[in-house]
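J.: Could you put the whole structure together from the sequences, leaning on the hints where they help?
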Amino acid sequence: MTNETEQELLRKYREGKCSEEELAWIETWYANWNEKDRVQLSESDLLTAEKLMRENILSRTGYNTIRLWSRIAAAASIILVACVGLWYSRSVILSPSQNPKIVSYANNDVAPGKNRATIIFADGKTIALNDTKTGVVINDRKLSYNDGSAMEDKLGLESHTGKASMLTISTPRGGTYQVTLRDGTRVWLNAASKLSFSSQFSGKNRKVMLDGEAYFEVAKNKQMPFVVVSDRQEVEVLGTQFNVMAYDSAQIKTTLLEGSVNLKSSTSAVMLVPGEQGVMSNNGSINRKKVDVDKEISWRKGWFSFNESSIENVMDEISRWYDVDVFYEHKMPHKEITGRVPRNAKLSVVLEMLRYSGLDFEINDKTIKVK
Numbered sequence: 001m002t003n004e005t006e007q008e009l010l011r012k013y014r015e016g017k018c019s020e021e022e023l024a025w026i027e028t029w030y031a032n033w034n035e036k037d038r039v040q041l042s043e044s045d046l047l048t049a050e051k052l053m054r055e056n057i058l059s060r061t062g063y064n065t066i067r068l069w070s071r072i073a074a075a076a077s078i079i080l081v082a083c084v085g086l087w088y089s090r091s092v093i094l095s096p097s098q099n100p101k102i103v104s105y106a107n108n109d110v111a112p113g114k115n116r117a118t119i120i121f122a123d124g125k126t127i128a129l130n131d132t133k134t135g136v137v138i139n140d141r142k143l144s145y146n147d148g149s150a151m152e153d154k155l156g157l158e159s160h161t162g163k164a165s166m167l168t169i170s171t172p173r174g175g176t177y178q179v180t181l182r183d184g185t186r187v188w189l190n191a192a193s194k195l196s197f198s199s200q201f202s203g204k205n206r207k208v209m210l211d212g213e214a215y216f217e218v219a220k221n222k223q224m225p226f227v228v229v230s231d232r233q234e235v236e237v238l239g240t241q242f243n244v245m246a247y248d249s250a251q252i253k254t255t256l257l258e259g260s261v262n263l264k265s266s267t268s269a270v271m272l273v274p275g276e277q278g279v280m281s282n283n284g285s286i287n288r289k290k291v292d293v294d295k296e297i298s299w300r301k302g303w304f305s306f307n308e309s310s311i312e313n314v315m316d317e318i319s320r321w322y323d324v325d326v327f328y329e330h331k332m333p334h335k336e337i338t339g340r341v342p343r344n345a346k347l348s349v350v351l352e353m354l355r356y357s358g359l360d361f362e363i364n365d366k367t368i369k370v371k
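The numbering used here numbers the first residue of the sequence shown as 1 and each following residue consecutively.
Straight-line Cα separation of at most 20 Å, EDC-like style, residue types lysine to aspartate or glutamate; simulated pairs:
(1) Lys-264 to Asp-248
(2) Lys-331 to Glu-362
(3) Lys-371 to Asp-109
(4) Lys-253 to Asp-211
(5) Lys-301 to Glu-317
(6) Lys-194 to Asp-183
(7) Lys-114 to Glu-317
(8) Lys-114 to Asp-131
(9) Lys-220 to Glu-258
(10) Lys-204 to Glu-236
(11) Lys-290 to Glu-308
(12) Lys-253 to Asp-316
(13) Lys-366 to Glu-329
(14) Lys-331 to Glu-317
(15) Lys-194 to Asp-211
(16) Lys-371 to Glu-336
(17) Lys-207 to Glu-236
(18) Lys-222 to Glu-234
(19) Lys-194 to Glu-317
(20) Lys-289 to Glu-276
(21) Lys-253 to Glu-317
(22) Lys-264 to Asp-231
(23) Lys-220 to Glu-234
(24) Lys-301 to Glu-258
(25) Lys-253 to Glu-312
(26) Lys-289 to Glu-308
(27) Lys-369 to Asp-325
(28) Lys-12 to Glu-22
(29) Lys-295 to Glu-317
(30) Lys-366 to Asp-316
(31) Lys-253 to Glu-234
(32) Lys-264 to Glu-276
Note that these hints are calculated values from the structure, not bench results.
T.: In structure tokens:
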């Protein structure tokens, strides 16, 4: 990439005119920018950059957050010019429009996941939730969206929710959705996940069943603990914030951000404190360890965040979010991948970033071949 091209990309970024691919490319560069690549900038330079970027940064659709935090805004304008040549020369990365790999992917490119979910009633009836909304709220006698709009009553929803009955919110591959339960607990479902619960909590606890991954912000109620049941594990809390990853695999990961949780299996019991993760193996044993919680819940903030992840685990996440199947041309070597990529980038951009770990890819319809 020439200096003129770098300057043009920076100008488009400042003016909010970058394409999705260019935005994802710049953000990924910043997310993976090493301290050793940083240059010394004066305080006045940083203040100038911060003012410029704050005036021009755009709020993106798809997530209820601004794409870049102020710390990126403060540095990106000047640092991109100062450091980008060094980073490009090390990574040999071209701009999206110049990169032959991205161009070759274009005809078979896949859009990222979005807000998609289905609600399933106890009698088997289903309704697709509005994909222009971000979440559904379980009220006393009705269902509504979390922007306050009422849900169209196609199936007599009041008759389903006016009495205690089991409800299930299910996201497909390539889907995500938020659920606010009747007690005020908020749940964010990742792709290919399912949450089942009673429309009206009663008895000794507030029990929900999870298959897949979800982030919980549990409403406090000391008299009625909140219990998350997943394959081989129970999580019991009073009021807290935590993430449970319980896909169909050998491990179930529970990460605690706030409060405390009790993890139980048929053979073990462990209490977590904030900043810890419990990893339950197939035999029921639970290993407790310290983790970077921001990385563990980065999916909810719109990022893939890989930390010494295996190729298979990385591709599993991509498969779920882009609703694609993954085929390995040969046995993958042991390789650990670390870095961050925005989840609202097209598949071609994500694969291009991963290609610099030594992998190669081919997209054919809804299948990725890993070479």
